[in-house]
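Visitor: Go by the hints and put chain B onto chain A.
Read off the chains here:
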Amino acid sequence: DAGVTQSPTHLIKTRGQHVTLRCSPISGHKSVSWYQQVLGQGPQFIFQYYEKEERGRGNFPDRFSARQFPNYSSELNVNALLLGDSALYLCASSLRKGSYNEQFFGPGTRLTVL
Amino acid sequence: GQQVMQIPQYQHVQEGEDFTTYCNSSTTLSNIQWYKQRPGGHPVFLIQLVKSGEVKKQKRLTFQFGEAKKNSSLHITATQTTDVGTYFCVLERDYGGSQGNLIFGKGTKLSVKP
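As you go down the protein sequences, you meet chains A and B in turn.
For reference, each letter of the first sequence is one residue, going 1 to 114 in this note's numbering.
For reference, each letter of the second sequence is one residue, going 1 to 114 in this note's numbering.
Since the hints were derived computationally from the structure, they do not count as laboratory data.
Bear in mind the structure is a predicted one, so any value in this text is a computation, not a measurement.
Just so it is clear, CB atoms sit at the ideal spot from N, CA and C, and this is done for glycine as well.
Be aware that a few hints might be false.
[Unchecked claim] Label pairs and their calculated CB-CB ranges:
no., chain 1, residue 1, chain 2, residue 2, range
1, B, K70, A, Q41, 19 to 25 Å
2, A, V38, B, Q2, 16 to 22 Å
3, A, Q41, B, T27, 17 to 23 Å
4, A, R15, B, V44, 30 to 36 Å
5, A, F69, B, S30, 29 to 35 Å
6, A, F69, B, E17, 46 to 52 Å
[Unchecked claim] Stretch-level coverage of chain B by chain A, calculated; a stretch enters the list once three of its residues show a Cβ under 8 Å from a Cβ in chain A:
no., region
7, 37 to 46
8, 102 to 114
[Claimed, not checked] Which residues of chain A face chain B? A partial, calculated answer using Cβ under 7 Å:
no., residue
9, G42
10, P43
11, L90
Just chain A, same shape as in the assembly:
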């Protein structure tokens, strides 16, 4: 079975540009979350989508936006890139069963902003 997939693997952008990151969850998973992981830190929650609706948003500026499609795949968009946006962007999907909530993470997209 395929795990969570993300594209692209690596990306280099310059300040002020826009970027779109993509995520495909595990088949049957309807919940997708996005996290930003700066080098040496733990992942920080950005967004969570369930059934195409935003269910949670972390402490990130409005330059960050996301959406979920009918097939449950998701996109994360970042406008007006800053140097500080350089990070590993992780997508995670889950299939919640009661109180059990294992998150399956994709390999991530490493974004470098120059």
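Guide: The following block gives chain B in isolation, referenced to the frame of chain A:
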């Protein structure tokens, strides 16, 4: 807001030695999860603890949830080089039914000298 403190930040051990990382919260938790992230990799779910005083074992790994559900620990017996990585304790943010909205501790980075 909710947060979790994790200690130590770094741990260097000789192969065969034991290792323990501790996680503390100022608030009572409904559950706690542990993830492992290998160098250059993505977080991988290890376990979720739900019950007060719960102890779970996975081969050489022992996970414990405190009686007050405010702390947790991960103990590795006789470390091996394959144990290298960063271990995160993770809370699920109380977002009224939200799924996948995780709060990561800063993690404990384990290095093992062969």
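Visitor: Are the hints correct? Go through all of them and say.
Guide: Checked hints:
no. : hint                        : result
1   : B/K70 <-> A/Q41: 19 to 25 Å : holds, 23 Å
2   : A/V38 <-> B/Q2: 16 to 22 Å  : holds, 20 Å
3   : A/Q41 <-> B/T27: 17 to 23 Å : holds, 22 Å
4   : A/R15 <-> B/V44: 30 to 36 Å : holds, 33 Å
5   : A/F69 <-> B/S30: 29 to 35 Å : holds, 31 Å
6   : A/F69 <-> B/E17: 46 to 52 Å : holds, 48 Å
7   : 37 to 46                    : holds (count 5)
8   : 102 to 114                  : holds (count 6)
9   : G42                         : holds, 3 Å
10  : P43                         : holds, 5 Å
11  : L90                         : holds, 6 Å
The structure meets every hint from the earlier list without exception.
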